[in-house]
Amino acid sequence: MDTPLSHIRNFSIVAHIDHGKSTLADRLIQMTGSLEERDMKDQILDAMDIERERGITIKANTVRLEYDASDGEHYVLNLIDTPGHVDFSYEVARSLSACEGSLLVVDASQGVEAQTLANLYAALDADHEIVPVLNKVDLPAAEPERIKEQIEEVIGLDASDALEISAKTGVGVPAVLEAIVKRLPPPAGGSREEPLKALLVDSWYDTYLGVVVLVRVIDGTLKKGQTIRMMGTEATYRVDKVGVITPRMVEVENLQPGEIGFLMAAIKEVADTRVGDTITDDKRPTATMLPGFKPAQPVVFCGLFPVDAGDFEALRDAVGRLRLNDASFSYETESSAALGFGFRCGFLGLLHLEIVQERLSREFDLDLIATAPSVVYGMTMRDGSEIELHNPADMPEVMKIEEIREPWIRATILTPDEHLGPILKLCQDRRGVQADMSYVGNRAMLVYDLPLNEVVFDFYDRLKSISRGYASFDYQITEYRASDLVKMSILVNGEPVDALSMLVHRAAAEKRGRDMCERLKDLIPKHMFKIPIQAAIGGTVIARETISALRKDVTSKCYGGDATRKRKLLEKQKAGKKRMRQFGKVDIPQEAFIAALKMGDE
Amino acid sequence: MTIHSQPDNALAFPDFGDPGFGVYVHWPFCAAKCPYCDFNSHVRLKGIDEERFVAGFAREIACMRELSGPREVTSIFLGGGTPSLMKPQTVEAVLSAIAGAWHVPDGIEVTLEANPSSVEAERFQGYRSAGVNRVSLGVQALNDKDLRFLGRLHDVAGAMKAIDLARETFPRMSFDLIYARPDQTVDAWTAELEEAIGYAADHLSLYQLTIEEGTPFYGLHKAGKLKVPDNDQAALLYEATQETTAARGLPAYEVSNHARPGAESRHNLTYWRYGDYAGIGPGAHGRLTRAGHKFATVTETHPETWLERVEARGDGITESVELDTEEQADELLLMGLRLREGLDVRRWQSVAGRTLDPAREDFLLRQGFIERLGNDRLRCTSSGMIVLDAVVADLAL
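Same order as they appear, the protein sequences are chains A and B.
Following the working numbering, the numbering of the first sequence begins with 1 at its first residue and continues without gaps.
Following the working numbering, the numbering of the second sequence begins with 1 at its first residue and continues without gaps.
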């Protein structure tokens, strides 16, 4: 490939969810003729079923566009698609580091949202040139002038030359291509003569091809047959193939400075590749490593158990295979008195957790019980040792603990101001501390510091429901703070249910305990006996509810002609019971474990 | 309550524990559909060709005889629908067809279901002559308002007349009542039940009104236009029923059936003791054992379709499936625990090929829902009987 640096543009699109990022990407692919019309399907870059269904991008994707600009020159445009969701902000950051510029896509009627900000700041952090793009200008509700003002006011970005487009109809998209060439910078520096230096942007496992590594070449040339060295892991591989993604994978002779492409090299697992690593030539290595990235840290943990204990091996196989393609997901075996054998899994956030759960049940056909999500707590013990607590059930004796710390986040919330009151109350109830509040027209921007463990269950659901879906939310983890946390146990019929225990702030414990007991009262069906449900801290019961005994449950008429029907009913009951877990003679439906944690209207 | 020496455990039948072999014949026609009833019953305004149905019954009886092999019949039951709409000659023909197929000893229980509205002295005498020795009358209520609500075609006076006539004509008589009607208080029901016991011979069937899918009541109930007593009130009514009948010498020998000791329905005991029974006629269910294999049979429900099927191929069976041990064990359990005499545990074990879960049994014992009798029997206590379905679900695992 012999494209001069000046004719390469590497760029990303940053946007809030649903503002049209994927549609614009599709349109760019289509207009540059990268795909035949018949190969076009909506949202090409969102390859997974779940991504397409939920309209989100989980893994970074890339596509190389060949573009003949109005200046008569031929350009190569590399688009790296980035995940839009907060859980994957880590992936956003590393994708952005492989580019020099970004298109900032804003919905021309909805305006700036929380993720717009978060992703834009990430792009500015990566020193990107930004081209603002107002999308959906064809809709009647579009107010491009107002949104331009908003962009200038909220972000401080000059929006006077923002492009007005409709990715859906294609109006204005040619101007976007021109702007990429004219307004975004080409890759800086880079010399073909220098030793190979390339950034490992991402890697994934393909069932047919094995591990595919996405790279951005800084210096030198990457070619087939070359022996490369990963400077971080010190592993060496012989390159089997190099190529570009158009979005078909097309093999090329070599990749040169400024270019983005893939390599394959008989790498067994995604875990063998470290994102952010520097790839160099084994015989002629570069002198300096790229700064790299911190590995993604799981921040939310939960236990996943098979409903049918016999499925444990199948679950082990499934989590192992998921891990092949998702190095940010971690797991270790866990055994619960109540739930048997399963896995304690770490996730980047709640959406990540949901996606993994969904993939396990959909792609591997497994029935799972998920326990309460929990954050990672830090503990300093009296004997001076430090502990990381991933599971409330493993909480050491209180007497031995000197200090407990919990992760805090900085949350940005944008909302129409009529919903401000309930949102402030929600943040306050969740131990939030207001850091900033400002207005842009009739939209309020709130910045709150919140403990992550208050957000992890249902904060986002609550926020969406009290703002009728209009508030948007984004966060980043800021620090660990010491906190007065206690372990709250839930006892059903006198027996502690380890899967329901949690760490809560002492001041919130009683209310949380009451909520939990009330919820469980509705979630657990009546039994033949009274069932006390208690929340306790240590030996002290702080809340209690009682499920009254089943008063009457007997079929009045049952003769010879009813035997079959009654037996089938019984078989159904038996199957239903297999999907429940028994604690102190009480059958708890598996849905109850998660549902109990979602707090009701506050 | 002590577990030893339960006198009320002993039934008068010498074949205690022997489930017997019953023959059920379904007459699928009624003069009108009752709004609570989900039985297989049909109204035929143009009349019914009874001779043709008799021929159909006879053919199917012969067919069932092929399936069951030679058996000694312990009871016959003519149910419906409204069998008292049959001509006595029809009943006689059906009974003689049964006697021609299996060995029918003299004096076995032969029951016919009758509606008070269709009672005529002459017909009753005819049924008696044909061999019927027990009638079961669908009285349902002892006040006219509730009878109208239940869609019955008779009034209280008609019911009284039918009861009197039945007692005069047949050696044995039972009648049904439906309780837990809308707004029914415990006091009102107890008074009505006391009155009923006064008219009763030695057997009563007392059913709670249940809202069954596909009935007019179901639609009304769903639309909020029909309110039945809630679970707590239904429980109080059930308990009052047990107390009142026991005090008057008609204790429950099954969830909804009450009799003086010795007057139990032999035929229905066969169902609850999980014996074999041949199901004849449209929509009838059967259980037949051949060479150690138990089969469940079901016939076509639609009367004329059933008839055509029988005429074409000899029987109206649409389904005949072998029950595996687990299915048999479930049926034996759910039927057996309905009885005051309880479940024969040894028999259950030999059917199921395993024992009951000792932890569950022990838990239910300690909670006072079940009790063990000396003769390898397990039964529900009164506090277990009222939640029987939950007890069964717990033990069935």
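For the record, the hints were derived by calculation from the structure and aren't laboratory data.
Cβ atoms here follow ideal geometry from the backbone N, Cα and C, with glycine treated the same way.
Heads up, some of the hints might be wrong.
Just so you have them, the derived chain A footprint on chain B, three or more residues with Cβ under 8 Å [unchecked claim]:
hint: 1; stretch: 95–103
hint: 2; stretch: 156–168
hint: 3; stretch: 334–348
BS3-like, lysine-lysine: derived pairs with alpha carbons at most 25 Å apart [claimed, not checked]:
hint: 4; chain 1: A; residue 1: Lys-526; chain 2: A; residue 2: Lys-585
hint: 5; chain 1: B; residue 1: Lys-222; chain 2: A; residue 2: Lys-526
hint: 6; chain 1: A; residue 1: Lys-464; chain 2: A; residue 2: Lys-526
hint: 7; chain 1: A; residue 1: Lys-557; chain 2: B; residue 2: Lys-294
Against the structure, test the hints numbered earlier, and report the numbers of the ones violated in rising order.
1, 2 and 6
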